[in-house]
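Novice: Starting from the known structure of chain A, arrange chain B on it as the hints suggest.
The residues making up each chain are set out below.
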Amino acid sequence: MDETKSHDHPPRILVVDDETAIRRLLVTVLSSSGFSVHQAENGRLGLAAAAVVRPDLILLDLGLPDLDGVEVIRRLREWSPAPIIVLSVREREDDKVAALDAGADDYLTKPFGVPELLARIRGSLRRVVGQASEPVFRSGELEVDLAKRVVLVAGQEVQLTPTEYEILRIMVTHAGKVLTHRQLLSKIWGVSHLEQPHVLRVNISNLRHKIERNPSRPSLLLTESGVGYRLRTEP
Amino acid sequence: MINNNDDIRPSPEAMLKLAQAEEAQEGRGRLKIFLGYAAGVGKTFSMLSAARQRKREGLDVVAAYVESHGRTETDALLEGLAIISKLRLEYQGVSLFELDIDAVLQRHPQIALVDELAHTNAPGSRHEKRWQDVQELLTAGIDVYTTVNVQHFESMNDVVEKITGVVVRETVPDLLLDLAAEIQLVDIPPDELLARLGQGKIYIPEQATRAMEKFFQPGNLIALRELSLRRAASRVDDQMRSYMETRAIPGPHTVAERLLVCISGSPFGEKLMRTTRRLADEMKAPWHAIYIETPDTGRFSRENRERIWRDLRLAESMGATVASVTATTVAEAVADYACRHNITKIVVGKPTRPRWREMLRPPIVDQIIRESGPIDVYVVSMSPDERRATTQQRRQIRTIPWARHMAALVLVAGTTLFCSLVQPFFSPTNTVMFYLLAVVAAAIRLGLQPAVLTAMLGVLAFDFFFVSPRFSLAVADAEYLMTFAGFLTVGLVISTQVARSRERAESLRLREVQTASLYYLSRDLAGAADLVAVTGAVLRNLKESLKAEIVIFLADGEQLKIISASEKLDLDLKERAVADWTFRNHKEAGHGTTTLGSAALLYLPLKTSTSILGVLGVKLTDLADYNSQQHRLLLNAFASQTAMAIERVRFSQQAEQAQILQARENLERALLNSISHDLRTPLASITGALSSLQEQKGLDETAKTELLATACEEATRLNRFVGNLLDMTRLEAGAVRLKYTACAVEELIGCALSVIDPRLGKREIAVRLPADLPLVMLDMGCMIQVLVNLLDNSLKYSPQDQPIGINAQIDRAWLVIEVVDQGPGVAEADLERIFDKFHRVPAPEGVRGTGLGLSICKGFVQAHGGKISAAITQGGGLTVTLRLPLTPPPSQTEVNAHG
Chain A
95 MDETKSHDHP
105 PRILVVDDET
115 AIRRLLVTVL
125 SSSGFSVHQA
135 ENGRLGLAAA
145 AVVRPDLILL
155 DLGLPDLDGV
165 EVIRRLREWS
175 PAPIIVLSVR
185 EREDDKVAAL
195 DAGADDYLTK
205 PFGVPELLAR
215 IRGSLRRVVG
225 QASEPVFRSG
235 ELEVDLAKRV
245 VLVAGQEVQL
255 TPTEYEILRI
265 MVTHAGKVLT
275 HRQLLSKIWG
285 VSHLEQPHVL
295 RVNISNLRHK
305 IERNPSRPSL
315 LLTESGVGYR
325 LRTEP
Chain B
811 MINNNDDIRP
821 SPEAMLKLAQ
831 AEEAQEGRGR
841 LKIFLGYAAG
851 VGKTFSMLSA
861 ARQRKREGLD
871 VVAAYVESHG
881 RTETDALLEG
891 LAIISKLRLE
901 YQGVSLFELD
911 IDAVLQRHPQ
921 IALVDELAHT
931 NAPGSRHEKR
941 WQDVQELLTA
951 GIDVYTTVNV
961 QHFESMNDVV
971 EKITGVVVRE
981 TVPDLLLDLA
991 AEIQLVDIPP
1001 DELLARLGQG
1011 KIYIPEQATR
1021 AMEKFFQPGN
1031 LIALRELSLR
1041 RAASRVDDQM
1051 RSYMETRAIP
1061 GPHTVAERLL
1071 VCISGSPFGE
1081 KLMRTTRRLA
1091 DEMKAPWHAI
1101 YIETPDTGRF
1111 SRENRERIWR
1121 DLRLAESMGA
1131 TVASVTATTV
1141 AEAVADYACR
1151 HNITKIVVGK
1161 PTRPRWREML
1171 RPPIVDQIIR
1181 ESGPIDVYVV
1191 SMSPDERRAT
1201 TQQRRQIRTI
1211 PWARHMAALV
1221 LVAGTTLFCS
1231 LVQPFFSPTN
1241 TVMFYLLAVV
1251 AAAIRLGLQP
1261 AVLTAMLGVL
1271 AFDFFFVSPR
1281 FSLAVADAEY
1291 LMTFAGFLTV
1301 GLVISTQVAR
1311 SRERAESLRL
1321 REVQTASLYY
1331 LSRDLAGAAD
1341 LVAVTGAVLR
1351 NLKESLKAEI
1361 VIFLADGEQL
1371 KIISASEKLD
1381 LDLKERAVAD
1391 WTFRNHKEAG
1401 HGTTTLGSAA
1411 LLYLPLKTST
1421 SILGVLGVKL
1431 TDLADYNSQQ
1441 HRLLLNAFAS
1451 QTAMAIERVR
1461 FSQQAEQAQI
1471 LQARENLERA
1481 LLNSISHDLR
1491 TPLASITGAL
1501 SSLQEQKGLD
1511 ETAKTELLAT
1521 ACEEATRLNR
1531 FVGNLLDMTR
1541 LEAGAVRLKY
1551 TACAVEELIG
1561 CALSVIDPRL
1571 GKREIAVRLP
1581 ADLPLVMLDM
1591 GCMIQVLVNL
1601 LDNSLKYSPQ
1611 DQPIGINAQI
1621 DRAWLVIEVV
1631 DQGPGVAEAD
1641 LERIFDKFHR
1651 VPAPEGVRGT
1661 GLGLSICKGF
1671 VQAHGGKISA
1681 AITQGGGLTV
1691 TLRLPLTPPP
1701 SQTEVNAHG
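These protein sequences, in sequence, are chains A and B.
Count along the first sequence from 1, then add 94; that gives the number in this note's numbering.
Count along the second sequence from 1, then add 810; that gives the number in this note's numbering.
Here chain A stands alone, though its shape is the one from the complex (with noise of 0.2 angstroms):
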């Protein structure tokens, strides 16, 4: 929360869900935890209250009986730089990857765990206050000096061709959060390689061989099933 200090309020969060019994509970939830909590129960009302309250981050619901969420979304993005985490449920997998390509920070699979979503909901807040951030990230035993191209593992230094650096240069500076396939796809490659993922599997399986101790269960470069990568910012 050392982050959320630098501000003369308290953080707004406006949680849009059209379930009461989760509003209910986040309001509780958050507001305990010192948030400043305010709620809409559908698209439309939700989008409305963003332009009012011009919240400092977003819980949507995908499934909202109005407007589709990633619409929501894609409306928010046009003037909105707030960060927005989805919730949604298991089956909606590929709700999920659109709206992170959308424009959606992260997200979170109902049902969760109230300790993860406030680690969401800092990790997001984190990442918006600390854009400029400082070129050497450590995670675990993983060092990366951005500015000076050198990648540690528990003090030793690993040769990674240029590609490995590339992803793991953009997952460092989203460390935390959920880059999809497509997103990582585009910015490494460009648009004319979105339909081959094998690359990024292998490239990245690769990676993993490089720098995580056990490539097998992944402590640093975990894989969001479906979805895409997430580097562990936390050791």
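Calculated directly from the structure, the hints in this document are not laboratory data.
There is no bait here: all hints are sound.
Some chain B residues close to chain A (C-beta under 8 angstroms, calculated; not the full set):
| # | residue |
| --- | --- |
| 1 | Asn-1529 |
| 2 | Thr-1551 |
| 3 | Ala-1552 |
| 4 | Ala-1554 |
| 5 | Glu-1556 |
| 6 | Glu-1557 |
| 7 | Ile-1559 |
| 8 | Gly-1560 |
| 9 | Leu-1563 |
| 10 | Val-1577 |
| 11 | Leu-1579 |
| 12 | Leu-1585 |
| 13 | Met-1590 |
| 14 | Gly-1591 |
With a cut-off of at most 25 angstroms between alpha-carbon atoms, the simulated DMTMM-like pairs for lysine to aspartate or glutamate come out as follows:
| # | chain 1 | residue 1 | chain 2 | residue 2 |
| --- | --- | --- | --- | --- |
| 15 | B | Lys-1572 | A | Glu-235 |
| 16 | B | Lys-1549 | A | Asp-162 |
| 17 | B | Lys-1572 | A | Glu-306 |
| 18 | B | Lys-1417 | B | Glu-1466 |
| 19 | B | Lys-1572 | B | Asp-1611 |
| 20 | B | Lys-1549 | A | Asp-189 |
| 21 | B | Lys-1549 | A | Glu-187 |
| 22 | B | Lys-972 | B | Asp-997 |
| 23 | A | Lys-204 | A | Glu-135 |
| 24 | B | Lys-1549 | A | Asp-195 |
Between beta-carbon pairs, the in silico distance windows are:
| # | chain 1 | residue 1 | chain 2 | residue 2 | range |
| --- | --- | --- | --- | --- | --- |
| 25 | A | Gln-250 | B | Cys-1522 | 39 to 45 angstroms |
| 26 | B | Glu-1466 | A | Val-123 | 56 to 62 angstroms |
| 27 | A | Glu-251 | B | Thr-1515 | 43 to 49 angstroms |
Note that the structure is predicted; figures quoted are calculated from it, not measured.
Using N, Cα and C, we set each Cβ at its ideal position, and we do this for glycine too.
Specialist: This is chain B only, laid out in the frame that chain A set:
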């Protein structure tokens, strides 16, 4: 008002009869007959007047076939009625117009008018007779108004001939009269009729002018009029009686009589049957006609046998119950049948044989009278001069087998030659013995007549060649006359006896063959488990026993479908139409019958007591066999056996399906039980924990933590279970559409491990992968779920301190993944069944499974075109092996870029 008097309640029998009659009427059309006694009495006129009346009442009336013969008053009545145009048939260069039965069936009016019921249709029509057309219309539910003269009814036929001297060729079974719901008598006095004839108001076909002149005599007309009046009156009487019976009005009901007539194939059979029918009518009694098959029957000429068959059919058309009985003696069989069927009167013909033959063997009449006990016996005269000169007249032609008589001649000549050679060594009296031997040989090999001939020729030859004076028929020693007489007597007796036993054996052999063929069929059918086996057995047996080619049609909904047919049969559309007719009308048709007789095959309905299953088409090699009683009986037996077998097969299939349904129901019940248990248990824990946290304020911290931990754990479990249920439902509904992406196996395993991470604790997981594993096309989400379920299982069932192994390798075109634990394993017998839904193995204390995990694994793996199997780990424990094809099945090649 309650009437307690039992005596005047309708008898159950009477109620049953009425119920049956009404049942038979249900869905059937009603027949109304306009009955007259001669042409010109105004039947057509009356019918049309009635039809116009019905039309005014708003009914749909159609003139299906009305002949006005150019009479203007009739034509006037026809006006305004819908008319179905007649069917034009070309026969030997002549255009004939017939009732277009298909057009009427298609038009399906409420009432159809069909003139001249007794008409014989042109060759090539569907039915031989118009009354058969009418029957079909009635069956289709169309009411029919029709006209007929009284002399056309079968049972009146000979009486009319006697009265008028005119032979009526076109006859209608009396059955139709019984069938008619209403009979309207059309009557004018004969004087008036003759006056109309004089005015030329009566149409008479040219070719019948002479007959008609003979017919229209005042005496004839009076007699015919009386007949028609009596016939109509007896009908009214019937209705009155049935009305009285059903309403239980006491009256002088006649005692239930039953008549029996025996058919022997004699030319007088027809007369005998008509007489019986009239007697039965007068007594209002049902009657039976039976044919007794004895060993002697085998000696009957073919013509005689055909006549038996025809007579039986005639009897049936006159309303008799027909049966065929096999017995050794006629009289006994008749008496026995009479006893069993409560016959009260037997009708027999007066014997016509010469007196001297009766001395040898008492006539059958006498035997029957002796055997029949309390049953009355009516003896009907049948003198030869009464033999009817009808169309059906047949002279009994005895085909003399000349060849065999020639053989007898040769035999005698040969014997004579032999005797002349051995003559020096035997006395003449002993030479006779050789002739006797020849007689025996002739009786055995050639039959009765040649044997008798041999005996006679033998006497002559013996006398001529061996008795002095030789080469003369004169006899010197009178003692030889004794030898002749003895030889002749012995020869004749031997001939008769041997020939008879030979014929008896022959007839027995024939029956034996038939019985055997039926036996073989039923044996084969009993062993047939499915439809293919049944039809195969029928095909084979009919081919073997009757040399018949057959086709079997079975009902497929409303349509007939060929299920099986002999190779050589070529069925055109017409044949199929005949089969279809048989199917719709539940009656035999085609070759050898009077319905659609021009067809190449005979079609028999395959029907059981309750329904019609299909049609059996038969083509016999010998055309004459179609009319043979034995063949028809055998074919009918075959047909009913076949129908029963088909029905049995269907029933057993239905039973099987019912069993499957039952099993599915049981499974569904287990599913519901399991689901409600697995959903409620965690909910109970959560509710319990939360409510105590809410209500009991005095809980210490440890208790609170414990309760919260329980609630969290149970909620997680519930979530897993719901996930499993959803997966299962998707699999069951076939809604699993795999999203193939190129997966790294290591990543796949990593994902599964991260999902299950919270439950892993300190458990060691040993992952062994070759370095060069390629990417594999898989649905990652599904396969992660599979691995999670397998790992979850291993975690639950194996002890905490034992590691779990995950191995992967490539085996030719397969990716093989093994999940190995060192737990208690599974009993050998359970290895297959652990992948079944809701199959749970005995679990260690505290382990709770849903019984769904492994079956979901199986479902997902199979969706990938892969296999899943379980085996015992070496050294104990369970190893589950997945084999997944490296290239996805062709139907699943969709690649999703977003994975």
